[in-house]
Every structure is written in structure tokens, then in C-alpha cells.
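Participant: Below, each chain spelled out in residue letters.
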Amino acid sequence: MSIKPLGDRVVIKKLEAEEKTKSGIVLPGTAKEQPQMAEVVAVGPGGVVDGKEIVMELKVGDRVIFSKYAGTEVKFDGTEYTILRQSDILAIVE
Amino acid sequence: MSIKPLGDRVVIKKLEAEEKTKSGIVLPGTAKEQPQMAEVVAVGPGGVVDGKEIVMELKVGDRVIFSKYAGTEVKFDGTEYTILRQSDILAIVE
Amino acid sequence: MSIKPLGDRVVIKKLEAEEKTKSGIVLPGTAKEQPQMAEVVAVGPGGVVDGKEIVMELKVGDRVIFSKYAGTEVKFDGTEYTILRQSDILAIVE
Amino acid sequence: MSIKPLGDRVVIKKLEAEEKTKSGIVLPGTAKEQPQMAEVVAVGPGGVVDGKEIVMELKVGDRVIFSKYAGTEVKFDGTEYTILRQSDILAIVE
Amino acid sequence: MSIKPLGDRVVIKKLEAEEKTKSGIVLPGTAKEQPQMAEVVAVGPGGVVDGKEIVMELKVGDRVIFSKYAGTEVKFDGTEYTILRQSDILAIVE
Amino acid sequence: MSIKPLGDRVVIKKLEAEEKTKSGIVLPGTAKEQPQMAEVVAVGPGGVVDGKEIVMELKVGDRVIFSKYAGTEVKFDGTEYTILRQSDILAIVE
Amino acid sequence: MSIKPLGDRVVIKKLEAEEKTKSGIVLPGTAKEQPQMAEVVAVGPGGVVDGKEIVMELKVGDRVIFSKYAGTEVKFDGTEYTILRQSDILAIVE
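Chains as they are written, first to last, in the working numbering: chain A, 189 to 282; chain B, 189 to 282; chain C, 189 to 282; chain D, 189 to 282; chain E, 189 to 282; chain F, 189 to 282; chain G, 189 to 282.
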């Protein structure tokens, strides 16, 4: 992976429907169209962001639920990623 | 429960109408459609959130009243949960 | 009373028109429909709320004037209460 | 007077047109309908309000000009008062 | 002058067109209707305003340019004044 | 120049099209109507502005690019100036 | 390059489609019309910006993904640049 997010940002890759079913999570309603579950593929360094000290709690490989509509989508080598702030990640699923 | 909320977030499960009646709470008007009472099923670690030190006052099992419209709904193993910030919890009912 | 408000929140019970008349307060205009006077029935612990140290100045039994539209209404054992922040309480009436 | 404002709030009583004329102040335009001059009848304790130390500069009896539309009106023993924050008071008239 | 502004507020008196011409300043367009130049007639004490230490840089007699639409207008002994915050004053003209 | 900006404000004079061409800068599109390049003609003292310590990085004579729509326009001795905050200046052109 | 951005701002030059393909990044949808990838051509000094200490993490030559719509466009010697804050840069691509 060669996208290095800045500050408190992370790069995530949305999980496909079948992957979510395996892990036991099903998102309500239009979930298939707006998946909210993803895997973390890159984590920014944290540090002082907007004047506040941010410690990164996430690590690569974490499966997370995130606020839909949050972040910016980019395509890299044919795969879609979302770049968003750690604070837009709601929870880690284990 | 395998959803670990981040920061000052908690995961709650809304209580059904009969459960609320047992505890003596009845919510006004369209309460059946928009239940505001729930049980806490997971509590984030708190710590520094958005530059502010947050101490978690809630614990798993607390019955709480929360701001309707607050939070994000997810379905897990067939059950619906809501992930929201501790500050969206109004009160503990005992 | 078994509703324990969190942080800087208080639980109040609106006073009926006759009770207000006894205490000499009459609210203008549509006051009967939107009573702004209430009695405090539960007080949160205060402490650090949203990163700021809040000392609770109110105590159970205080008669208060509050911002209408502020807070969330809940029904408990047949009685309606409002949960709101201490900062939405304008004054104590003695 | 038995209304004790909380925090940085003050209770004021609007001055009638004739009183304003005596003091030499005339407010422009629709002033008769929206008087902006008042007498302070109660002053809150100040202290830490919304995380900031507020020192009350006003005292009972001060004649003040205030932002119209600011504050909440209440009627007490037949007299109308306005409860508003000290920061909504623009100036003292002497 | 007997209007004592509170906090970081100042009282200014707008300059008439002829006075502005004397000082060499002409404001563009509809300047005659919306004069932005004024003389300071009273200065508040400054100090901690909204939790921030404010030092007053203006003094009575300063000729200033200010943000139009800023402030509140009052009439006193037949003269119109504007009460506004020091931060709404853009520059001193000398 | 006799306009002394307050706080973190600066006074700038927009550069004419021919002046911009000389310096090699051409602004896109409707640049002739909305020039974004200017010369600094006066710099405020900086200091504590809105509770924050501001150090002025600009000096008289700097050629700058600024946010269009920012600031207030005034005419002085037949010349138009713009008064705006240093933070509305994007870059110095050398 | 003779544009010196102020504070936490950087100057970037958008990458053309062919350049992006070389680096393996393809942006989704209307990417050709709204490229989000760019090369950093100038970096401000950082320091205290809006009261907060900002350390510049970017350096000239970095290839970055940035928030579209962020920043201000200027043309210099026939080339278009965008001036924006470091916080509008999402990630470095390596």
C-alpha cells in the first residue's frame, strides 16, 4: 500500500457483502448499496491535528464500522479506498 | 459482544415496549415508533476525544434514556444496535 | 425518583398553572400551553462536561424558569419530566 | 425581588417611554414598541460559565442598553422582566 | 457623554459627508447612505471578554473605519450613536 | 499613508492588469474584474487578536495573493484600498 | 517558483491524467474533470496559525491527494496552481 494518510486520517477499504456475512454483521436496509464496514489499510501518524493531540487507536487490519458519507473516495490500482479521519470510525469489530 | 466502540462512544440496544413497561417508563406520543430507552451493551475507553479528556460514566448493563436521532444504527447477528457518544445519553434509569 | 441525569443535566417537572399562580409568577401569552416554570427533581453530578468543569448550582426542590423548547421530555410512572442542561435553566424563583 | 438568575444572567425591567425621556435617551424608530433601555433588578453570581470565568460588571439599579431580541421574558406579580446574559448588555447609561 | 460601554465595546458617532471630505476620505458607492467612518466617543474597559483578555487599542477622539451593519444604533440627546465591539473597528485614520 | 489597521489587519491596494503581467502572474477567468493580487500598503500591529497571539508576517511593499470577497473596500484620496485580516492573504509573490 | 505561501498553506500543481496513470492512481468517476492528485511546489513556514502550532509535514515534490473544491486557483507563467491549507491534503502517495 503506498497511500500515506496525513495527521489523524486513515485509509479504509470497504468490505464486500459476503465478507460481512462471514463476520456476522449485517447492516440494515440499503446496506448493500452503502456499506459501512471496512478494513483499515493505512493509518496516519496522528500527532497534533488542528491544535489537538491525537493518538491513533486504529491499526492496519482492524475491521471497523464508519460513518457513511464521511471521507473521500479514491481508486488505486483498480481498488476503491476511502480516506477519512479516525474520529469518523465508530467502532472496531472483533 | 464483539463491537468495541472507539473513544467516547457506547453501543446500546433499544428496549422493547414491554421491557419499558416493566421498568415503569412510558415515553410520550409516538414512543413505540421512536423508543428512547435502551440498555448499554458496550462502552468505549474514553480518554482524549477531540482534544478533551472524557471519563466514561456508563457501564455495560445500564438502562439509559438517549437523544432520539442521535447515533448510527447497525445490525449484528440479527439484532439492531445504536452507536452513539456518551454525551448523547441523557440519563440512567434505576 | 429513579432517573439519574448524566453530566450537567437536570430533570425537572413542569409546574401546573395553579401552582404558578400561588407563587406569584404568571408567564405571558401562551404560558398555559408552554409553561416555563418547573421544579427540579434530579440533578446530575456535574464534573467535566464537554471538556469544561461544570459545578452544579441547582438542587432538588428548586423552582426554576427554563428556556422553552430546551431539553427532552420523558414520561415516568404517568408523570411528564424534562431532561435538560443546567445552562438551559435561566433563574431560580424563591 | 425573588428571581435569582443563574451564572452570568441578569434580570432587567424595561423602562417606559416617559422614563427614557427623563434621562435624555430617545431610541430611534420603533423604539416605543421595542424598548432597548432597562433597569437591572437582579444579577447572577457569575463565576465559571460555559468554561469561562465571568466577572459580573453590572449591579442592581444600573440603567442599561441591551440587544433587542436578546433574552427571555417573564411576568412576575404583574410586571414584565427580561432574563438575559450580561454579554447582551451593551452599555450602562449614567 | 454618559454612555459607558461594557467589556470590549466602543461608542462611535458617524462622521457627516463634509467631515469625511475634509479628512480626505471618500467611501465608495452608497457611502452617503451607509457611512463607515466615525469618531470614537466612549471606550469600554476591556478585560476578560468571552473568556479572552482584550486590551483596548482605541481612545476617545480616534477617527475610525468600521464594518457597516456592525453594532447597535441608539439616539442620545438628539444625536445618533453606534455601540459595537472593538473588533468591528477596521482601522484608525490619522 | 494614514490608515492604521487594527490588530491583525492589513491594508492592500489591488494591482492593475498591466502590473500583474509585468510580474508574470495572470489570474484565471474573470481576473480583470476580480483581481486577487495586491500590494501591501499598511500592516496592523498584530498582538492578541480574538484571544490568540498573532505575529504579522507581512510588511509594506509585499506583493500578495488574497482571497477574493475577503475584506472591506475603502477609498482614500481617490485610490481604492481593501482592509482585510492577514489570514485572508494566501501567499507572497516574489 | 516564486509564490511563497503564508502560514500552513501549500501550493500544489494538479497532475495530468497521464501522470496519474503512471503512478497507478485512477480517481473515480469525473476524475478527469476534477483531478484530486497533485504535486507540492511550495510549502508555507507553518508556525502558529489561528492560535494553533502547525508543523508542516509536506515537502516540495510530494505527490498528494487533496480535497476537491478546497483552495484557491491562480495562474502563474501559464501554469495553474492551487493554494490550500495543509489540512486539506488527505494523503501522500509514494
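What the hints contain is simulated information worked out from the structure, not anything from laboratory work.
Backbone N, C-alpha and C fix where the C-beta goes; we use that ideal spot for every residue, glycine too.
Worth double-checking, as some hints may not be accurate.
[Stated by the list, open to error] Partial list, derived from the structure: chain A residues whose beta carbon lies under 8 Å from chain G:
1) Leu194
2) Val236
3) Val248
[As the list claims (entries may be wrong)] Here are the simulated DSS-like cross-link-like pairs (lysine-lysine), alpha carbons at most 25 Å apart as the crow flies:
4) F:Lys240 <-> B:Lys240
5) D:Lys202 <-> D:Lys240
6) E:Lys247 <-> F:Lys256
7) E:Lys256 <-> F:Lys263
8) F:Lys256 <-> G:Lys263
9) A:Lys256 <-> B:Lys263
10) C:Lys240 <-> C:Lys202
11) G:Lys256 <-> A:Lys201
12) F:Lys192 <-> E:Lys240
13) C:Lys240 <-> B:Lys240
14) C:Lys263 <-> C:Lys202
15) F:Lys247 <-> G:Lys240
16) B:Lys240 <-> A:Lys202
[As the list claims (entries may be wrong)] Examples of chain C residues toward chain D, derived with CB under 7 Å:
17) Glu227
18) Lys247
19) Val248
20) Gly249
21) Asp276
22) Val281
Participant: Decide, hint by hint, whether the structure agrees.
Facilitator: To see whether the hints hold, each was checked on the structure:
Restraint check, Leu194 (chain A) versus chain G: the minimum CB separation of about 6 Å is within 8 Å; hint holds. Interface hint at Val236 (chain A): satisfied, since its Cβ lies 7 Å from the closest Cβ of chain G, which is below the 8 Å cut-off. Because the smallest distance between the Cβ of Val248 (chain A) and any Cβ of chain G comes to about 14 Å, over 8 Å, the interface hint for this residue is violated. For a cut-off of 25 Å, the pair hint linking Lys240 (chain F) to Lys240 (chain B) stands: about 19 Å separates their Cα positions.
A C-alpha spacing of about 28 Å is found between Lys202 (chain D) and Lys240 (chain D), which places the hinted pair above 25 Å, so the restraint is violated. In summary, the hint linking Lys247 (chain E) to Lys256 (chain F) is not supported, as the alpha carbons are separated by about 32 Å, beyond the 25 Å threshold. About 15 Å separates the Cα atoms of Lys256 (chain E) and Lys263 (chain F), which keeps this hinted pair within 25 Å; it holds. Proposed proximity of Lys256 (chain F) and Lys263 (chain G) is supported: the alpha carbons are some 15 Å apart, at most 25 Å.
Distance restraint check for Lys256 (chain A) and Lys263 (chain B): the Cα-Cα separation of roughly 15 Å lies within the 25 Å cut-off, and the hinted pair is therefore satisfied. Taken as a hint, the Lys240 (chain C) and Lys202 (chain C) pair is broken in the structure, with Cα atoms around 28 Å apart against an allowance of 25 Å. Using a Cα cut-off of 25 Å, the hinted pair Lys256 (chain G) and Lys201 (chain A) holds, with the two alpha carbons roughly 20 Å apart. Of the supplied pair hints, the one linking Lys192 (chain F) and Lys240 (chain E) holds, its CA atoms being roughly 24 Å apart against a limit of 25 Å.
Restraint check: the Cα-Cα separation between Lys240 (chain C) and Lys240 (chain B) comes to about 9 Å, which is no more than 25 Å; the hinted pair holds. For the suggested pair Lys263 (chain C) and Lys202 (chain C), the alpha carbons sit about 12 Å apart, so the restraint of at most 25 Å is met. A distance of roughly 22 Å separates the Cα atoms of Lys247 (chain F) and Lys240 (chain G); the hinted pair therefore holds under the 25 Å criterion. Restraint check: the Cα-Cα separation between Lys240 (chain B) and Lys202 (chain A) comes to about 30 Å, which exceeds 25 Å; the hinted pair is violated.
Taking 7 Å as the C-beta contact cut-off toward chain D, the hint placing Glu227 (chain C) at the interface is violated, the least distance being around 15 Å. Below 7 Å, beta-carbon pairs count as interface contacts, and Lys247 (chain C) has none with chain D, the closest being about 12 Å; its hint is therefore violated. With 7 Å as the threshold, the beta carbon of Val248 (chain C) stays out of range of chain D, its nearest partner Cβ sitting at about 16 Å, so the hint is violated. Here the hint on Gly249 (chain C) is broken, as its CB sits about 14 Å from the closest CB of chain D, past 7 Å.
Violation of the interface hint for Asp276 (chain C) is found here, the shortest Cβ-Cβ separation to chain D being roughly 10 Å, above the 7 Å cut-off. Annotation: Val281 (chain C) was flagged as interfacial toward chain D, and the flag holds, the nearest CB pair being 6 Å apart, inside 7 Å.
Of the numbered hints stated above, those contradicted by the structure are hints 3, 5, 6, 10, 16, 17, 18, 19, 20, 21, listed in ascending order.
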